[in-house]
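*Asks:* Spelled out from the first residue to the last, the chains are:
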Amino acid sequence: MKFDRATRRRWKSHLMAFLCLGCVAIALYPLASILYTSVVRGAQAINADFFTQNLPPPCNPSVESCVTGGIWPALQGSLIMLGIAAAFAIPVGMMAGVFLSQYGHLKTVQSMRFFVDVMTGIPSIVVGIFVYALFLDLAQAGVFNTSWVLSALAGSTALAIVMLPIVARTTDESLRLVPPTLAEAGLALGIRRWRVTLSVVLSTGRTAVITGALLATARALGETAPILLTTHFTTFPAQNLNGPIASLPVLIFQFGTGGFPNQVSLAWGATLLIVGIMLLISIVARVAAGVVGSRAGLGGGG
Amino acid sequence: MTEGNSLESSGTGKLVTQDLSAYYGAKRAIESVNISFPDKSVTAIIGPSGCGKSTLIRCLNRIHETTPKTRVEGHVLLDGQDIYEQDAVSVRRRVGMVFQKPNPFPTMSIYDNVAAGLRLNGLRDRKEIDRRIIQSLKGAALWDEVKEILDQPGIRLSGGQQQRLCIARALAVEPEVILMDEPASALDPIATAKIEDLVFDLKKQYAVIIVTHNMQQAARVADQTAFMYLGKLIEFNDTKEIFERPREKLTESYITGRFG
Chain F
1 MKFDRATRRR WKSHLMAFLC LGCVAIALYP LASILYTSVV RGAQAINADF FTQNLPPPCN
61 PSVESCVTGG IWPALQGSLI MLGIAAAFAI PVGMMAGVFL SQYGHLKTVQ SMRFFVDVMT
121 GIPSIVVGIF VYALFLDLAQ AGVFNTSWVL SALAGSTALA IVMLPIVART TDESLRLVPP
181 TLAEAGLALG IRRWRVTLSV VLSTGRTAVI TGALLATARA LGETAPILLT THFTTFPAQN
241 LNGPIASLPV LIFQFGTGGF PNQVSLAWGA TLLIVGIMLL ISIVARVAAG VVGSRAGLGG
301 GG
Chain E
1001 MTEGNSLESS GTGKLVTQDL SAYYGAKRAI ESVNISFPDK SVTAIIGPSG CGKSTLIRCL
1061 NRIHETTPKT RVEGHVLLDG QDIYEQDAVS VRRRVGMVFQ KPNPFPTMSI YDNVAAGLRL
1121 NGLRDRKEID RRIIQSLKGA ALWDEVKEIL DQPGIRLSGG QQQRLCIARA LAVEPEVILM
1181 DEPASALDPI ATAKIEDLVF DLKKQYAVII VTHNMQQAAR VADQTAFMYL GKLIEFNDTK
1241 EIFERPREKL TESYITGRFG
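Line by line, the protein sequences give chains F and E.
With the numbering used here, the residue at position 242 of the first sequence is 242, and numbering never jumps.
With the numbering used here, the residue at position 127 of the second sequence is 1127, and numbering never jumps.
Don't take every hint at face value.
[Claimed, not checked] The following residues of chain E were derived to be distant from chain F, with all beta-carbon distances above 10 Å:
(1) 1019
(2) 1026
(3) 1034
(4) 1084
(5) 1111
(6) 1147
(7) 1214
(8) 1252
(9) 1259
[Unchecked claim] Straight-line Cα separation of at most 27 Å, DSSO-like style, residue types lysine-lysine; simulated pairs:
(10) F/107 to E/1027
(11) E/1069 to E/1027
(12) F/107 to E/1069
(13) E/1232 to E/1027
(14) E/1147 to E/1101
(15) E/1194 to E/1204
Just so you know, these hints were derived from the structure itself, not from any lab.
Note that CB positions come from ideal geometry on N, CA and C, so glycine has one too.
With the hints as extra help, turn the sequences into a complete structure.
*Replies:* Next comes the structure, spelled out in C-alpha cells:
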C-alpha cells in the first residue's frame, strides 16, 4: 500500500473521528450508568405499596422486623409544590416571555433579557436561602405565623422562582422564531397588537412554548436545594400549606444517606421515579417540538 | 413633482399622498412622494430593488410604522381624510394588504384563516362569518378549489393557492383599497397568471395598488403605472404612456432594461 499524503490524511481523519467517538462514550457513560443503577436498584422498591404507604421509620433488620412503607407523602408533597409553582410560574413566565419577544428590540428590554438569562443560571441553593430569609423576615415582621417559614408554600415559592426565568426565556426564544411576517399579516387585517400577539404569534409558537413549560417543570421536579432550605420534612402526607411537607428529592437526600435498608430502597425507588418522569417529560416535549417543526413549517410555505 | 406627471396629486383620488417621506432610522427610504391613486382601477408601482416602492405602499396602511425605528412624514388622504390622524387599526381595516410571500396563519384552517380578521375584530355572528368567508373565497377565485376542505390547514395548499387564501383573508374584512407587495414574485407562471386575472377582477370593486419588479406584469394588469427610483417618484401616468412614450429619461432607461 502506498503511504502518500492523501492516505495519511485519510487515516488522520479516521483517527480524529474515532477519538471524538471515544469522548462521546466517556460523556455518555455516567448517564447510562445512572439510568442502569436507578432501574436495577429502584425497580425492586416499586409496587403498589410504594405509591400509597407512608414513609417508614428507620429500622435495623438484624434486630427487629421492618416496615417497608412507601413514598406517598413525598410524592404528594412534590405534586403539591410543583402544582402551585407551575400555576404561578407558567402563566407569569409566559407573559414575561411574550413581552421580551415582542419588545426585544428596545435597549431596556435587552438588558431585561440579559437579567433573565442570569436568573436561569443562578444556583438553586441561592434561591433556597433567599426564600428562607424572605419568609423568616415576613414572619418576624408579623405578616404571618412562624409555621409558614418552613412550609409547603415556601417550597412552592422557591420552585416557582427556579421555574420563572426558564419559562420566560423559552417562551421568548420560541416566539422569536415565529416569522414577523405573520404578525404583520395580522396587523394588516386591522387586528389590535395584543390580539395578534395572542392569537397569531403565541398560537403559532404554542408547541414550543408548552415544551419549555414542561421542561421547566421537569427541572423543578428534581430541584433539591431550594426545598431543602425552605420546607420541613415529614413522614406523613401534608395537611396544609403552612405545615411540614415531604418531597421526592428531600426523601432521596434523607433516606439515601441514612443507611437503613428499608429507607435506602425507597430512596432508589424515588430516584427511578424522578428519572422516569423526567425522561417521559423530555420525550413528550421532544415529540411535540418535532410535530410543530414539521407541521407548521415555521419558515412558511411558498 | 416633475412635468412628467400628468396624473400628479390632484386630491381627487381614493388615496392621495402629500409630500410623503418615510425613514428607517436615519435613512430616508422615500422622499416627498406626491401621488394620487384612483378608485376602481389598478395602479402598478415599478422600479429597481431598493427604490422604495414597498416602503411607499407600507405607508399607505400604516404598517411601515410597526417596524421598530421607522418614521413617516407628510400626509396620506383616504377619501380626503388624513389616515395619520386616525386610529391606525381602523385604517388597516379599510386598506387591506397582501404580502410578497404567502403567509397564511400556520395554526389555522382555511376557514379560520379567512375568518381571522373578522373574529379577532369581534364579529361573533356565525351566519355572517360564513357568508363573508364564502364571498371572500369566491372573490379570491379560490372557492371551487377549497370548498370541500375548509377545515384543513391553510399551509397545506400550494403556494399560489396560499396567496389567493391571503387575498381572501384580506377581502373578508371588506376593505376599500387593496395593497399588493409583489404578490406573485414567489409563484410559478401559472399561479402568477391566476393572481393577475384576479387583480383584474378586483378593480371592479376596489382601488388596487400593486408593487411589482416585473414590468410585463405592470403592463398587463395596471391602468396607471408609477416609476420610482432612489426613493423618488420619477413618473406617473397611464400604463400605456409610461411604456410607449415615457417622458423621463430615467423611466425610458429602466423600461428598456438599461438598469434595474
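*Asks:* Could you work out which earlier hints the structure fails to respect and list their numbers in ascending sequence?
*Replies:* none
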